[in-house]
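**Q** Residue numbers (the working numbering), protein chains in the order written: chain E, 1 to 249; chain F, 1 to 249; chain G, 1 to 249.
FYI, nobody ran anything at the bench for these hints, they're computed from the structure.
Computed from a predicted model, the values in this text were never measured in an experiment.
Any given hint could turn out to be false.
The list cannot tell twin chains apart, which means a pair is met if one copy fits it or any two copies do.
[Said to hold, decoys possible] Calculated pairs, EDC-like style, for lysine to aspartate or glutamate (alpha carbon to alpha carbon, straight line, at most 16 Å):
#1 K83 <-> D185
#2 K80 <-> D146
#3 K158 <-> D191
#4 K108 <-> E182
#5 K98 <-> E170
#6 K156 <-> E120
#7 K96 <-> E170
#8 K156 <-> E86
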Amino acid sequence: MRVTFPDAKALKKIVPIVADLISEGQFVATEEGIKLVAMDPASIAMVIWEMKPEAFIDYTIEGDKEIITVSMDDLKTIVKKLKQREMVVWETDREKNKLKILARGTIKKTFSIPLLEGEETETPIPSLEYNNVVELDSKAIKEIIDDASAIADSLKFKAEPPSKLIIKAEGEMKEMTVELTEGEDAVVSIDIQEEAYASYSIDYLKKFAKAADVSDIAILKLKTDYPLWLEYRYLDKMTLIFILAPRSD
Amino acid sequence: MRVTFPDAKALKKIVPIVADLISEGQFVATEEGIKLVAMDPASIAMVIWEMKPEAFIDYTIEGDKEIITVSMDDLKTIVKKLKQREMVVWETDREKNKLKILARGTIKKTFSIPLLEGEETETPIPSLEYNNVVELDSKAIKEIIDDASAIADSLKFKAEPPSKLIIKAEGEMKEMTVELTEGEDAVVSIDIQEEAYASYSIDYLKKFAKAADVSDIAILKLKTDYPLWLEYRYLDKMTLIFILAPRSD
Amino acid sequence: MRVTFPDAKALKKIVPIVADLISEGQFVATEEGIKLVAMDPASIAMVIWEMKPEAFIDYTIEGDKEIITVSMDDLKTIVKKLKQREMVVWETDREKNKLKILARGTIKKTFSIPLLEGEETETPIPSLEYNNVVELDSKAIKEIIDDASAIADSLKFKAEPPSKLIIKAEGEMKEMTVELTEGEDAVVSIDIQEEAYASYSIDYLKKFAKAADVSDIAILKLKTDYPLWLEYRYLDKMTLIFILAPRSD
Chain E
1 MRVTFPDAKA LKKIVPIVAD LISEGQFVAT EEGIKLVAMD PASIAMVIWE MKPEAFIDYT
61 IEGDKEIITV SMDDLKTIVK KLKQREMVVW ETDREKNKLK ILARGTIKKT FSIPLLEGEE
121 TETPIPSLEY NNVVELDSKA IKEIIDDASA IADSLKFKAE PPSKLIIKAE GEMKEMTVEL
181 TEGEDAVVSI DIQEEAYASY SIDYLKKFAK AADVSDIAIL KLKTDYPLWL EYRYLDKMTL
241 IFILAPRSD
Chain F
1 MRVTFPDAKA LKKIVPIVAD LISEGQFVAT EEGIKLVAMD PASIAMVIWE MKPEAFIDYT
61 IEGDKEIITV SMDDLKTIVK KLKQREMVVW ETDREKNKLK ILARGTIKKT FSIPLLEGEE
121 TETPIPSLEY NNVVELDSKA IKEIIDDASA IADSLKFKAE PPSKLIIKAE GEMKEMTVEL
181 TEGEDAVVSI DIQEEAYASY SIDYLKKFAK AADVSDIAIL KLKTDYPLWL EYRYLDKMTL
241 IFILAPRSD
Chain G
1 MRVTFPDAKA LKKIVPIVAD LISEGQFVAT EEGIKLVAMD PASIAMVIWE MKPEAFIDYT
61 IEGDKEIITV SMDDLKTIVK KLKQREMVVW ETDREKNKLK ILARGTIKKT FSIPLLEGEE
121 TETPIPSLEY NNVVELDSKA IKEIIDDASA IADSLKFKAE PPSKLIIKAE GEMKEMTVEL
181 TEGEDAVVSI DIQEEAYASY SIDYLKKFAK AADVSDIAIL KLKTDYPLWL EYRYLDKMTL
241 IFILAPRSD
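Whole structure, please, built from the sequences with the hints as guidance.
**A** What follows is the structure, given as structure tokens:
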């Protein structure tokens with residue numbers, strides 16, 4: 001495989017977030033792009049990172065499918081060294097069992113990290129249905145989650161038709177409530193067709209919310225005591241989706 | 001009580017400073033505004049925080065006097081989450097024994113922290129008289145105190161009529177001396193009517209000096225072996241006064 | 001001795017770097033300026049800091065030679081308190097055995113640190129000869145060294161005539177290779193007359209590379225299994241030279 005990213009922006013934003021959730025990243029490269037689907041070790045959160053062919057300047061793989069498995073910490077160490085605007089090449093060196101990462105900025109650097117052995121592990125994406133979809137300013141939802149993290153360890157969502165979302169953090173002594181309705185700055189769109197109530201771990205939400213750098217909009221889908229769907233789209237090139245199991249409050 | 005601050009600037013600057021000195025804040029609200037007077041646990045420093053009615057957009061209290069006692073750490077946790085420019089409302093909920101803090105920025109957040117029980121504790125302000133008053137650039141005196149803190153743990157002040165203030169830090173090996181006289185950039189006004197010599201803890205001075213963000217001018221009043229008076233005025237809306245016991249060097 | 005620096009910029013950049021290598025700094029002042037030559041405690045690195053007379057606004061010493069020995073940590077503590085643009089005076093007070101450091105900014109501060117006893121210790125500078133000289137953008141070489149530090153603990157240099165320098169970091173799992181040739185942004189000039197291969201400690205290189213703030217250009221001289229010469233020139237007023245023993249990889 002040899003693929004070229006036009007710059008390192010998306011990598012620098014997304015790799016650290018994914019590395020915070022999983023230790024080994026299995027990237028499956030096909031003609032439809034590169035896709036990573038993984039559960040975190042506690043099986044509470046799923047991350048789906050899809051890089052469409054449009055995300056690359058050039059894109060060549062060997063055969064129909066190539067599996068690239070690397071340590072996410074290794075990948076994060078290198079990605080942190082990349083400069084935002086420098087072109088980046090991923091190239092597999094099957095002989096040396098290495099993933100070469102070429103940084104083509106003012107200084108031409110060639111990094112390499114080990115390709116990890118192992119068969120393709122299929123991680124099925126659950127088929128989920130939602131009747132409530134809320135598009136929020138991604139910085140706003142990040143602010144709410146960060147604020148709430150000083151108060152409680154879980155965040156309660158209450159959706160009220162047709163267009164109200166109440167987010168609540170209840171700590172031992174302190175509380176925070178946010179009401180989001182149509183027309184507010186933080187709300188891009190809000191469509192609540194059925195009442196819903198669910199509670200989620202703030203620790204995980206804080207990790208996901210860092211994707212506010214990836215996209216201006218965060219798409220939330222929720223249902224009573226049902227996994228939360230949280231989606232970020234990077235231009236029309238990549239999507240980053242988190243699915244988080246509810247807490248039984 | 002329901003009072004509205006036009007923005008969170010003063011709160012964000014002052015609450016952390018006061019929280020660094022005392023754990024419980026007793027705010028006394030009367031028609032003359034809200035006032036906090038407290039001694040630090042070691043009884044070395046007194047802090048007087050006065051918010052005049054002009055500090056509020058609207059100001060309503062129940063009866064002649066309302067006592068609002070809260071954990072300063074709780075208040076600091078919430079105040080740190082406020083955005084500088086967002087309007088802030090404090091509202092007492094006596095039924096739930098809570099102080100509600102409403103942040104009215106792009107996102108409407110409602111925080112609440114517990115109101116602590118207990119009678120009003122009167123903390124008498126000592127009547128002090130000074131013949132030496134120095135108005136300094138608050139950033140300059142902060143710089144001097146911060147510099148001195150790398151050298152010694154107490155700061156010596158020597159006032160020489162009619163207009164010289166010498167500040168000295170003498171560490172085991174290192175020393176620092178600053179002479180401030182009329183006409184220098186750091187000196188707004190200096191009126192020394194009697195010689196004075198006193199020494200104060202740099203730890204406390206460093207905590208007070210953070211108020212350099214509150215006001216451009218710091219007003220010092222001092223006398224030989226006598227409490228130091230250090231006053232900061234936030235517009236014409238609030239005053240923050242520290243009284244610090246001298247050290248017996 | 002009484003010498004006046006036009007500003008604190010060079011001091012603020014260089015003192016912390018030298019203090020990171022040696023604990024006591026012996027400055028020898030003669031009519032040719034002030035010079036410090038020292039080995040680090042492990043005798044792996046030599047630092048030569050030369051301040052020419054042009055580095056000073058005024059420059060007076062007692063006799064032909066004056067020795068000023070101070071704790072570099074003391075000097076660093078004070079230098080960190082100086083403001084970039086304020087004029088700085090060094091003045092020896094032989095009676096009190098102090099080096100006075102006068103900061104002449106908006107606030108006139110007088111610091112003093114102890115002058116340490118002891119005779120002049122001569123540290124001979126090895127006479128070294130090189131046939132390979134590379135002038136690099138100092139920020140670029142710093143970036144390469146910083147990147148490499150996440151990967152390995154030694155950095156391999158390979159010079160190939162007439163104008164190629166390969167820098168390689170080989171960690172247990174990860175690798176980084178950089179090829180620098182004439183014409184690239186990072187290369188100011190490159191003159192390789194003989195093949196050379198040597199490896200050096202990244203810890204030391206990271207300490208030296210902080211001098212990227214001192215000068216835009218870093219001058220490297222290297223030879224197979226031979227000390228590395230790394231020179232930074234501050235305007236035409238000061239030179240900072242590091243000589244680093246090779247590693248026997």
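**Q** Would you list, in rising numerical order, the hints stated earlier that this structure does not obey?
**A** Violated: hints 6, 8.
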